[in-house]
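Residue numbers for the sequence shown follow the UniProt record's numbering, beginning at 1 and rising by one.
Since the hints were made in silico from the structure, they are not lab data. Do not rely on the hints blindly, as some may be mistaken.
Between beta-carbon pairs, the in silico distance windows are [to be verified]:
#1 28 x 174: 25 to 35 Å
#2 68 x 138: 23 to 33 Å
#3 136 x 75: 36 to 46 Å
#4 45 x 151: 36 to 46 Å
#5 136 x 1: 39 to 49 Å
#6 173 x 151: 35 to 45 Å
#7 2 x 155: 29 to 39 Å
All of these numbers come straight from a predicted model, not from anything done at the bench. All C-beta atoms, glycine included, are put in the ideal place defined by N, C-alpha and C.
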Amino acid sequence: MEKVLLLHSSCEGQTIKILNHIEQNLGEQYQCDYVDIHLEPKIDFSAYDRVLVGASVRYGHLNKKLYQFIARNLTSLEQAKVAFFCVNLTARKEGKDTPATSAYIKKFLLKSPWHPKMMAVFAGALRYPRYNFFDRTMIKLIMKLTDGETDTTKEVEYTDWHKVSHFSQQFKAL
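Assemble the whole structure, with the sequences as input and the hints as a guide.
Shown next, in the form of structure tokens:
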């Protein structure tokens with residue numbers, strides 16, 4: 001049985017939901033451990049056969065704890081079988097949903113000393129009823145500017161689960 005470390009930096013839980021889907025796609029021959037990067041964990045990477053890092057974008061930025069985690073664990077990340085994915089609402093649009101076309105991946109690669117060999121970009125979810133007043137108002141404004149959903153009574157999941165499944169198979173082949 002292979003051991004897989006699933007690291008996450010999630011705002012509203014969609015990144016974790018994507019990791020759950022990937023775990024299901026990996027199958028029973030993989031034992032997966034979930035670790036929240038925000039808790040500043042100390043990890044023995046040698047205990048894992050492969051590592052997956054998932055991070056969400058909020059207000060145009062990946063969480064600074066992700067970059068701090070990378071800085072503390074750069075050598076281990078560079079030596080492990082590791083992949084990275086980014087979750088954001090911009091990826092709901094065709095042409096902004098690949099590592100080569102994602103502004104967030106480009107920004108990540110400029111800010112981060114770690115450049116994963118395998119990367120993906122997935123659209124996230126819009127969960128208006130779950131947001132506090134400030135977040136609901138700001139996200140509605142952003143969605144209005146980008147021709148997105150503005151009905152604050154709705155929850156919309158933009159994640160392409162077939163794309164996530166395909167990525168899961170690529171991660172298995174690492």
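Hint by hint, here is what the structure shows:
no., hint, in the structure
1, 28 x 174: 25 to 35 Å, "violated, 19 Å"
2, 68 x 138: 23 to 33 Å, "holds, 25 Å"
3, 136 x 75: 36 to 46 Å, "holds, 41 Å"
4, 45 x 151: 36 to 46 Å, "holds, 44 Å"
5, 136 x 1: 39 to 49 Å, "holds, 43 Å"
6, 173 x 151: 35 to 45 Å, "holds, 41 Å"
7, 2 x 155: 29 to 39 Å, "holds, 34 Å"
In terms of the numbered hints stated before, the structure departs from hint 1 and from no other.
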